[in-house]
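S.K.: Sequence:
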Amino acid sequence: MNKVTLRPWTELVRLHPDVESGALNDSDFAIDLGAIAENSPTLPAVYRDPQAFFGATYITTDLSRLLDEVLASLAGKGKYNRVLKLRTPFGGGKSHTLATLLHAARSRMKLTGVPELEGYAKPDNVAVAVFDGEKFSAKMKEMVEGVTIQTMWGWIAWQIDPKKAWPIAEPFDRDRVSMSGDDIRKLLTVGANGRPVLILIDELLKYAERAGAVVIGDSTMQRQVKDFIGNLTVEVANSSNWAMVYSLPWSNSKEALNHLSLFQELDHIADRVDQLREPVQGDEVLHVIKKRLLGGTPPDDAAQKAADVYSGIVSGMQRSHSETDAGRRQAEEEGIALRDRIQKAYPFHPALIDAMKDRWASLDAYQRTRGAIRFIGRVLHAMKKEGTTASLIGPGDIPLKSAEVRLQMLKELGAQNDYDAAISQDITGPSARAKQIDDRLARETPSLANVRPATRLATAILVYSFGGLKRTGKDESEHLPPGVTESELLAVCVGPDLDNITAKSVLADLKNLCVYLHYDGVRYCFKKDPNVVKLIEDEQKIVTEKEVLDRVRKQLFDKLAGQKSAIVWPEDSTKIPDGEPQFLLGYMPLDFAVLPSDEQQKQAMTLLFQYGNKPRRYRNGLGLVVPDKRMAEGIKRAIRSVIAIERVDSKRKSLRLTDQQVDELKERRRTDELAAESAFKDLYNSVWLPIMNETESGRAEGIEKVTNTGRPLQSTEIHNRVMELLTIGKQQVFSTVTPRKMTERIGFGEVGPDGQPRLGLLVANVVDSFYGILGFHEPPRLESAAAIRKAVVKGVQEGLFGYTSGNTPTLGTSGKFDVNPNRVVLNRMMSEDEVDIESGFIIVPTAIPTPETPVTTSSGDTPNVSGGVDSGGDTTRGASITVDGPVLGGSAIQPPGGQKVESIPAVTIKFRANSDQVFKVFKAVANLADQSDEGKVTVTIEGRSSQGIKVSWLRNAVEEPLDEADVERLS
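According to our numbering, the sequence shown is numbered sequentially starting from 16.
Derived by calculation from the structure, the hints in this document are not laboratory data.
Be careful, since some hints might not be right.
Using 25 Å as the maximum straight-line C-alpha spacing, the simulated DMTMM-like pairs for lysine to aspartate or glutamate come out as follows [stated by the list, open to error]: (1) Lys542 with Glu682; (2) Lys399 with Asp316; (3) Lys519 with Glu349; (4) Lys359 with Glu26; (5) Lys359 with Glu503; (6) Lys426 with Asp298; (7) Lys241 with Asp176; (8) Lys951 with Asp848.
Given only the sequences and the hints, what does the whole structure look like? Please build it.
M.R.: Set out below in structure tokens:
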């Protein structure tokens, strides 16, 4: 999908002047009904001036109905309900409604040209009396001319007409006694001089509660007030041009519940004559906000474009998550509904308005309409001032870094200071977790720098962390817990600048990092109490570096178990063996990664070229595996967290962890263990090898650094990955070497340093030449001596050289080695096991002596002679030897006629021996095998027992060891 760019709303939407300038304070939105009635000059013009007031007022459905009923009643038209009761949540718009009625009734003729009042009745010369129960004292009110008013009815009469109405009410006010119905009728007729009368009473419950403390004889002011209200409502209801509107709080509000009995009495006093009205309902709060805070209607094309783009992105995301056709159709329908709502709400995302009216409204402290206007006013001003790039104002776009916005939000929600730590540490503070995630994303993907996805998601979660939706079903009075599901959160945060895949990844990061973010398996929610992350972080602070490194070292040991060539974290050069014919890898400790480069070089040179205080012999059989600094830090961080989690879990009872928190610990541990495992895999991606460099002053020791430059390695095990790095691509270590390469390396057949041709060499010297010398043309590094064994076997088979073992032969003057030619293997197969690294010797074919012809009898047969038996004939102490040739007697061969014999073609030896003797003759048998064809002898073993040999014992003690020796069994 091509990325669509939408213009910031600040470039397309005008704000109301007082919002634009920031000249806002809470009192501007807390309407003082009494001050409006008195036309106080201290009021802002938007409340004092009728035309300005209606210009900033959105006429809701119920407000329109109220205006119609009240103005028509005052004009003496229709059969309307003349007593109307407003019942709204705290801040639900009742004071604004009363102010609307006041201006409309008192200045109706002056408002003829106001569009909002077209079609309504036009009563003239209306007497308006306003009683503000929050401001009026339950004892008395000082007036001009020395008049003191003590009661509600006195104050109403004074406002209707100080000269005609007040004298009627004055005796009742003086005695603080309620007026009867007849007295009230006289007050509203004679006292008003026939004019229409509108009585507006606000905060009746508050006044009545205070009046309960004023004692009047055997009664109280509260009882008198209730009587007066009852009488007043009856008289007004039966009038022709009077109207009365009074307000009570919402029945489940804190105020009503605290004074439940009194509230219920006032609520039912006029049940038979009054009608209930709710000024602002449903989405109307959105229009109220726009009317009051915006400087005009936003452009239709901008609203349409934003609606199309956002609804398309959200519905596309939801379709991709749907597995059924029905689910995809539902996503399409919801997308259309969202498009229409965004178009109406622009520049606001409807989700922000929903959160305030559906969730925040469940809080006692939140003033539903007034609070929304105050809060959104701060938001608009702050976003315009900072020059936001947001194309819509959604739950995630609230500029919490603005102190005014942040404080206003928490104040409206009744959560002052409770969430300071959560906001500072997780969302907007200098080191907040969301900020850390955003900074990392900006480095990795610069296009996200201004998007700040983590801050957007965290801010949205905070918005949803107050109040809860009404539970659908039988009992809708109950509310769900605060918080937001992942799908709900993504739907309000994704947009043309943030895809859902990135958003989900960021949400996972927030879940793992934030200290005050809680997740119950369904909903994300910020709380004022820290989550298990805080417990883990506190525990991490006391986990020592040594504990972390010890755990890492142990895990590395476990991962390298069985790798004999791996040395873990060598402390000095003696911890890496010298003289072993295999390629060794020293895995350097994590601390090595943070050393300065010159210190790294110094330590590496010591390990590679020294063994204690001596030069290292097998320097060509060694490499150092160096840890990656970034991965090392990642492993330490993950392991430290795992240790801390283990400690927190061990204290679960004393910490009184909930089942949810225990599950969070388990999930966090799995996450950190996976993080450590992943870091382990890429921890060792560089190998340092010793080399000899040619310099101007000669050859010098140096280091070649082999590093993985991004090529994906197939192996998953650490050691195998390192070996893959060394054996694929530019191969550094070999598992084989060709016989010809081996002979070239040792200079076979060439003149040596002593001026003599090199015609034979110990296999041990061959090994030394590969492992112990760093030449100008470096010999190939071999994984193990097995490579040399294979080369010897193949070279013998190909006739490049011969092989013998045992005593090291010497070169005779004839240019031949002093060795029995029958003991030299050449031009035939041999096994690798036959190659003895210590005593093995390879010989140039021309330096192998020629075998002599075997001795035969005059008849041409090879004699068969027995001998060597002790004179006593005790075969347990001697041996019967049969040779195809002369008799072996003592230590010399005694052929017939005294003829000396140099060699014989075959020999058979039979002897009896006990277990100790068997061990002693193994060497003799092995020597004979060395001299025999294919390096093998035929061994016949016979054992007898008069008591019988158990078959199971024979299988376990004899046959299985023979099988393990891999000998060739003959039938």
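S.K.: Starting from Lys542, check that the Cα of Glu682 is at most 25 Å away, please.
M.R.: Holds, at about 20 Å.
S.K.: Between Lys399 and Asp316, is the straight-line Cα distance small enough, at 25 Å or below?
M.R.: Judged against 25 Å, a Cα distance of about 21 Å means the pair holds.
S.K.: Going straight from one Cα to the other, do Lys951 and Asp848 come out at no more than 25 Å?
M.R.: It holds: about 12 Å lies between the C-alpha atoms, which stays within 25 Å.
S.K.: Is Lys426 close enough to Asp298, meaning Cα to Cα at most 25 Å?
M.R.: holds, 23 Å
S.K.: Does the structure keep Lys359 and Glu26 at a Cα separation of 25 Å or less?
M.R.: holds, 18 Å
S.K.: Compare the distance between the alpha carbons of Lys241 and Asp176 with 25 Å, and conclude whether the hinted pair is satisfied.
M.R.: holds, 24 Å
S.K.: Hinted pair, alpha-carbon criterion (25 Å max): Lys519, Glu349. Please report holds or violated.
M.R.: holds, 21 Å
S.K.: For the pair supplied as a hint, Lys359 and Glu503, confirm whether the alpha-carbon distance does not exceed 25 Å.
M.R.: Judged against 25 Å, a Cα distance of about 20 Å means the pair holds.
Consistency with the previously given hints is maintained throughout, with no hint failing.
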